[in-house]
Amino acid sequence: EKPDMSKFPVEDTRNFSIIAHVDHGKSTLADRLLELTGTIDKTKNNKQVLDKLQVERERGITVKAQTASLFYNFEGKQYLLNLIDTPGHVDFSYEVSRSLSACQGVLLVVDANEGIQAQTVANFFLAFEAQLSVIPVINKIDLKNADPGRVEKQIEKVFDIPSDECIKISAKLGTNIESVLQAVIERIPPPKVHRKNPLRALVFDSTFDQYRGVVANVALFDGVVSKGDKIVSAHTQKTYEVNEVGVLIPNEQPTLKLLGFLGLLHMEVFNQRLEQEYNTSVILTTPTVPYKAVLASAKLIKEYREKEITIINPAQFPDKSKVAEYLEPVVLGTIITPDEYTGKIMALCQARRAVQKHLMFIDQNRVMLKYLFPLNEIVVDFYDSLKSLSSGYASFDYEDAGYQTADLVKMDILLNGNIVEELVTVVHKEKAHSVGKTICERLKDSLPRQLFEIAIQAAIGSKIVARETVKAYRKNVLAKCYGGDITRKMKLLKRQAEGKKKLRKIGNIEVPKDAFIKVLKTQSNK
Amino acid sequence: MSQPLWPYCEKRCSYCNFNKYVVRGGVDEAALRRCLVTEARTLLELSGVRRVESVFFGGGTPSLASPHTVAALLEAVAQAAHLPADVEVTLEANPTSAPGPRLAEFGAAGVNRLSIGLQSLDDAELQLLGRTHSARDALRTLAAARRLFPGRVSVDLMLGLPGQQLGPWLGQLQELLRHCDDHLSLYQLSLERGTALFARVQRRAVPGPDPELAAEMYAEGRALLRAAGFRQYEVSNFARHGALSTHNWTYWQCGQYLGVGPGAHGRFVPHGAGGHTREARIQTLEPDNWMKEVTLFGHGTRKRVPLDELELLEEVLAMGLRTDVGITHQHWQQFEPQLTLWDVFGASAEVTGLRERGLLLLDHRGLRCSWEGLAVLDSLLLTLLPQLQEAWQQRSPTPVPGG
Numbered sequence: 284e285k286p287d288m289s290k291f292p293v294e295d296t297r298n299f300s301i302i303a304h305v306d307h308g309k310s311t312l313a314d315r316l317l318e319l320t321g322t323i324d325k326t327k328n329n330k331q332v333l334d335k336l337q338v339e340r341e342r343g344i345t346v347k348a349q350t351a352s353l354f355y356n357f358e359g360k361q362y363l364l365n366l367i368d369t370p371g372h373v374d375f376s377y378e379v380s381r382s383l384s385a386c387q388g389v390l391l392v393v394d395a396n397e398g399i400q401a402q403t404v405a406n407f408f409l410a411f412e413a414q415l416s417v418i419p420v421i422n423k424i425d426l427k428n429a430d431p432g433r434v435e436k437q438i439e440k441v442f443d444i445p446s447d448e449c450i451k452i453s454a455k456l457g458t459n460i461e462s463v464l465q466a467v468i469e470r471i472p473p474p475k476v477h478r479k480n481p482l483r484a485l486v487f488d489s490t491f492d493q494y495r496g497v498v499a500n501v502a503l504f505d506g507v508v509s510k511g512d513k514i515v516s517a518h519t520q521k522t523y524e525v526n527e528v529g530v531l532i533p534n535e536q537p538t539l540k541l542l543g544f545l546g547l548l549h550m551e552v553f554n555q556r557l558e559q560e561y562n563t564s565v566i567l568t569t570p571t572v573p574y575k576a577v578l579a580s581a582k583l584i585k586e587y588r589e590k591e592i593t594i595i596n597p598a599q600f601p602d603k604s605k606v607a608e609y610l611e612p613v614v615l616g617t618i619i620t621p622d623e624y625t626g627k628i629m630a631l632c633q634a635r636r637a638v639q640k641h642l643m644f645i646d647q648n649r650v651m652l653k654y655l656f657p658l659n660e661i662v663v664d665f666y667d668s669l670k671s672l673s674s675g676y677a678s679f680d681y682e683d684a685g686y687q688t689a690d691l692v693k694m695d696i697l698l699n700g701n702i703v704e705e706l707v708t709v710v711h712k713e714k715a716h717s718v719g720k721t722i723c724e725r726l727k728d729s730l731p732r733q734l735f736e737i738a739i740q741a742a743i744g745s746k747i748v749a750r751e752t753v754k755a756y757r758k759n760v761l762a763k764c765y766g767g768d769i770t771r772k773m774k775l776l777k778r779q780a781e782g783k784k785k786l787r788k789i790g791n792i793e794v795p796k797d798a799f800i801k802v803l804k805t806q807s808n809k
Numbered sequence: 024m025s026q027p028l029w030p031y032c033e034k035r036c037s038y039c040n041f042n043k044y045v046v047r048g049g050v051d052e053a054a055l056r057r058c059l060v061t062e063a064r065t066l067l068e069l070s071g072v073r074r075v076e077s078v079f080f081g082g083g084t085p086s087l088a089s090p091h092t093v094a095a096l097l098e099a100v101a102q103a104a105h106l107p108a109d110v111e112v113t114l115e116a117n118p119t120s121a122p123g124p125r126l127a128e129f130g131a132a133g134v135n136r137l138s139i140g141l142q143s144l145d146d147a148e149l150q151l152l153g154r155t156h157s158a159r160d161a162l163r164t165l166a167a168a169r170r171l172f173p174g175r176v177s178v179d180l181m182l183g184l185p186g187q188q189l190g191p192w193l194g195q196l197q198e199l200l201r202h203c204d205d206h207l208s209l210y211q212l213s214l215e216r217g218t219a220l221f222a223r224v225q226r227r228a229v230p231g232p233d234p235e236l237a238a239e240m241y242a243e244g245r246a247l248l249r250a251a252g253f254r255q256y257e258v259s260n261f262a263r264h265g266a267l268s269t270h271n272w273t274y275w276q277c278g279q280y281l282g283v284g285p286g287a288h289g290r291f292v293p294h295g296a297g298g299h300t301r302e303a304r305i306q307t308l309e310p311d312n313w314m315k316e317v318t319l320f321g322h323g324t325r326k327r328v329p330l331d332e333l334e335l336l337e338e339v340l341a342m343g344l345r346t347d348v349g350i351t352h353q354h355w356q357q358f359e360p361q362l363t364l365w366d367v368f369g370a371s372a373e374v375t376g377l378r379e380r381g382l383l384l385l386d387h388r389g390l391r392c393s394w395e396g397l398a399v400l401d402s403l404l405l406t407l408l409p410q411l412q413e414a415w416q417q418r419s420p421t422p423v424p425g426g
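Protein sequence lines, in the order shown, are assigned to chains A and B.
Numbering of the first sequence is given in my numbering, commencing with residue 284 and proceeding in unit increments.
Numbering of the second sequence is given in my numbering, commencing with residue 24 and proceeding in unit increments.
In case anyone wonders, no lab produced these hints; they're calculated from the structure.
Every residue gets a Cβ at the ideal spot worked out from N, C-alpha and C, and that includes glycine.
Among the hints, a few may not be true.
[As the list claims (entries may be wrong)] With the Cβ distance kept under 8 Å, some of the chain A side facing chain B (calculated, not the full set):
| # | residue |
| --- | --- |
| 1 | 734 |
| 2 | 756 |
| 3 | 757 |
| 4 | 758 |
| 5 | 759 |
| 6 | 760 |
| 7 | 762 |
| 8 | 763 |
| 9 | 764 |
| 10 | 765 |
| 11 | 766 |
| 12 | 767 |
| 13 | 770 |
| 14 | 777 |
| 15 | 779 |
| 16 | 780 |
[Said to hold, decoys possible] Just a few of them, taken from the derived set where beta-carbon distance is under 10 Å, the chain A residues facing chain B:
| # | residue |
| --- | --- |
| 17 | 733 |
| 18 | 755 |
| 19 | 769 |
| 20 | 772 |
| 21 | 773 |
| 22 | 775 |
| 23 | 776 |
| 24 | 782 |
| 25 | 783 |
| 26 | 784 |
Extracted from the complex, chain A is given alone in its bound form:
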């Protein structure tokens, strides 16, 4: 039955989020909380219930922060607990901070064996800066290598939270989950909401329902909202009428957000979502970072109406003659790693033009490194290389650190002399040849052969810096095609013809859309 929310006292409400490093058990803990409060049926085999998206289930990751409202009876009173599940991957930190702004507290989940990792640190600081109550939860105590005592000490050392505040659980087995709910009620304050004041709400997420329209997830800070109300967006000044209000048991519908891509995983997942939910083929461009250019003359400044322009699209990269100085964005990256990989990781960072800022031991075996990285050196495959170098043990997070001067050039990729718009890149001069060569090689591997030769070139201006060739087909016909082969062959041909429709034509060359993703993934550690 629908509860009457207007009768629910604010003091008995808690808004909280679960934050943690990837795979430390946020979603499993969310499942247990849902079961324990009767929100979902305990007898069913609940696995990552809030990961509704197909892409999330396929990859076993949380992409989109989901919300659920739980009702829980504790010591004679009924409480309303609003839970927001968040993604742990570094690529989704935007979603995390957005969710946190709707909460008053967080459960900080840490794996009892892995201990504090880079996102644990990053997420803690996000919550800390937002002045949220932090409840440390040590998870996976059921596993053989669990060492909760060690993790408690880490938490005390790095976050300055007393060890006795840590709650030790196994989300998988359901051990000690009630203590978590108790802590949420006792240690997280209710929201400070004044019902009588004018409405103030934060939209921390939205979805689109094809029957109902836009569904916004809001956190109410002041006032009351009911069906039929007219509300105004502070940002756009647009007015909307409220068709329906409700408590969320989420039902995911597609949404299109314009987001900059934070890395390969984010891009692949987003691309997959677009394909699955919209049944479209998507052409991807190489991820780029926002460069800046300081214009050289007063005339140019007048023309562009500012002295320092931001370059989002590499195709709009201004020529050297117009520019006094190019700037590239930099980030401060935090890497936590077992000591034995420190040397290799330092070499990797140096190869990415990074400058070391800090090095400290967080316990006997683990090191925290801080490097200043040019953002363009890490957007594509730094994370993957780092993981690979350290057998998966190193973790990584980063934050904005402004801009630095850089020697940048624009590089074009050509197929039989035709420029491929999507693959125009802005690259540091030092890296032009190696990046160009890599792109050409990857393209060569992912372009299907055609009936003519394909020349792949990377060029800076008119100068070719790298080149590969895809040879033409000399034979492409099924050898045996008798009675038993015909059905299979026809199926294959028709499937290939379907696939061909989705290919992009550059000149008269057919390019599969995943050629571009493949271009961006490097196998070796550079």
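Based on the hints, put chain B in the right spot on chain A.
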């Protein structure tokens, strides 16, 4: 025509992924024979076929079956339909060490054409392929076959094997030309997942085949055969003095064929059962299950898929272009009386592009590949098939008969 299958072999070749079974301790041939005969009768009735132009004994290794089975089957077909005196009856045979007498028995049973799975004249390659014969056995069998069935013997030769070089392979072909009859099939090796050879290549125990080299072998091989007076009438098939395979020609012309035996394929309209649509059929794969079904129901048809008009036209296109004559306007009209080949392909920019590059011809005779185009037919089809679909969808509706 009719196509019975004998699914048993002595052993499985390293590259083979067909529906084949290696039986230890002998096959109940009598039971299998009875079932083949029953199924042949049933399918002839179901199809309403009156006249059988060709019979092809495939498999497996049909030459392991007894000639008695071949005779029984031909007898059954002759009773249920008209088997003309000049019907082509082909048997697939593996070269063995004592070919003569056995082949003669098959001849007496009604076989009048032989297809020998020679594959290679290099003993090391034959071992790699897991064949049960030597190069010498092969040539001996070939000679015996030519004596028994002059002008009616075909040999298979493979190209693009792992580690093969152009020079030596051309040498094999030339050697073969000194011994062969009037029909030759050249097959590029295709590595199929699940075969022993595929696994060996994956393990790097054996180098993978080189597609560039295979393309060159094919180009040089077909040129050599043309110079020797052979007509390349299909992608992989070469004949001189008119010795084409009638049976295989039916596939590429989209005629009707009945598949009899475990795993056999067929395509026909079940007129005898009141049907009007051409169906793609496959018989149950596993021999024991197949026999049970034949005993119970008269035939062991596992799957029947009706082909709609467009699907049939797509087959006509894809199969017809495999031949040197391609698809004549008359041939096309039999399947599609309204839209001509010009209607479908004449205005397409992409198709015109292929014609201008000399890969495809569209003229008063019909649509066909050029010499160069035939080698890259599957690429051409990726342009032609969508064009056919588009033309089909945009055609004006056919007038309702009687309306």
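To see whether the hints hold, each was checked on the structure:
Annotation: residue 734 of chain A was flagged as interfacial toward chain B, and the flag holds, the nearest CB pair being 6 Å apart, inside 8 Å. Against a cut-off of 8 Å between C-beta atoms, the interface hint on residue 756 of chain A holds, since the closest Cβ of chain B lies about 5 Å away. Here the hint on residue 757 of chain A is kept, as its CB sits about 4 Å from the closest CB of chain B, short of 8 Å. Annotation: interface hint on residue 758 of chain A holds; nearest CB of chain B at approximately 4 Å, less than 8 Å.
Because the smallest distance between the Cβ of residue 759 of chain A and any Cβ of chain B comes to about 5 Å, under 8 Å, the interface hint for this residue holds. Proximity of residue 760 of chain A to chain B holds as hinted, the smallest CB-CB distance being about 4 Å (cut-off 8 Å). A cut of 8 Å between beta carbons decides the hint on residue 762 of chain A: the least distance to chain B is about 5 Å, and the hint holds. This hint holds: residue 763 of chain A has a C-beta 6 Å from the nearest C-beta of chain B, less than the 8 Å allowed.
The criterion of a C-beta within 8 Å of any C-beta in chain B is met by residue 764 of chain A, whose closest approach is roughly 6 Å, and the hint holds. Because the closest C-beta pair between residue 765 of chain A and chain B is about 6 Å apart, less than 8 Å, the hint holds. Contact between residue 766 of chain A and chain B, as hinted, is supported at the beta carbon level, the nearest pair being about 4 Å apart and thus within 8 Å. Interface restraint check for residue 767 of chain A: the shortest CB-CB distance to chain B comes to about 4 Å, inside 8 Å, so the restraint holds.
Given hint, residue 770 of chain A at the interface with chain B, holds; its Cβ is 5 Å from that chain's nearest Cβ, closer than 8 Å. Here the hint on residue 777 of chain A is kept, as its CB sits about 7 Å from the closest CB of chain B, short of 8 Å. Satisfaction of the interface hint for residue 779 of chain A is found here, the shortest Cβ-Cβ separation to chain B being roughly 6 Å, below the 8 Å cut-off. Annotation: residue 780 of chain A was flagged as interfacial toward chain B, and the flag holds, the nearest CB pair being 5 Å apart, inside 8 Å.
Satisfaction of the interface hint for residue 733 of chain A is found here, the shortest Cβ-Cβ separation to chain B being roughly 8 Å, below the 10 Å cut-off. With a least beta-carbon distance of about 9 Å to chain B, the hint placing residue 755 of chain A at the interface is held under the 10 Å criterion. About 6 Å separates the beta-carbon of residue 769 of chain A from the nearest beta-carbon of chain B, less than 10 Å, and the hint is met. Evaluation of the residue 772 of chain A hint against chain B yields a held restraint, the C-beta minimum of about 7 Å falling below 10 Å.
The criterion of a C-beta within 10 Å of any C-beta in chain B is met by residue 773 of chain A, whose closest approach is roughly 6 Å, and the hint holds. Residue-level restraint check for residue 775 of chain A holds (minimum Cβ-Cβ distance to chain B is 9 Å; threshold 10 Å). Contact between residue 776 of chain A and chain B, as hinted, is supported at the beta carbon level, the nearest pair being about 5 Å apart and thus within 10 Å. Hint on residue 782 of chain A holds. Least Cβ distance to chain B is approximately 9 Å, under the 10 Å limit.
This hint holds: residue 783 of chain A has a C-beta 5 Å from the nearest C-beta of chain B, less than the 10 Å allowed. Annotation: interface hint on residue 784 of chain A holds; nearest CB of chain B at approximately 7 Å, less than 10 Å.
This entry satisfies every hint, going by the numbered hints stated previously.
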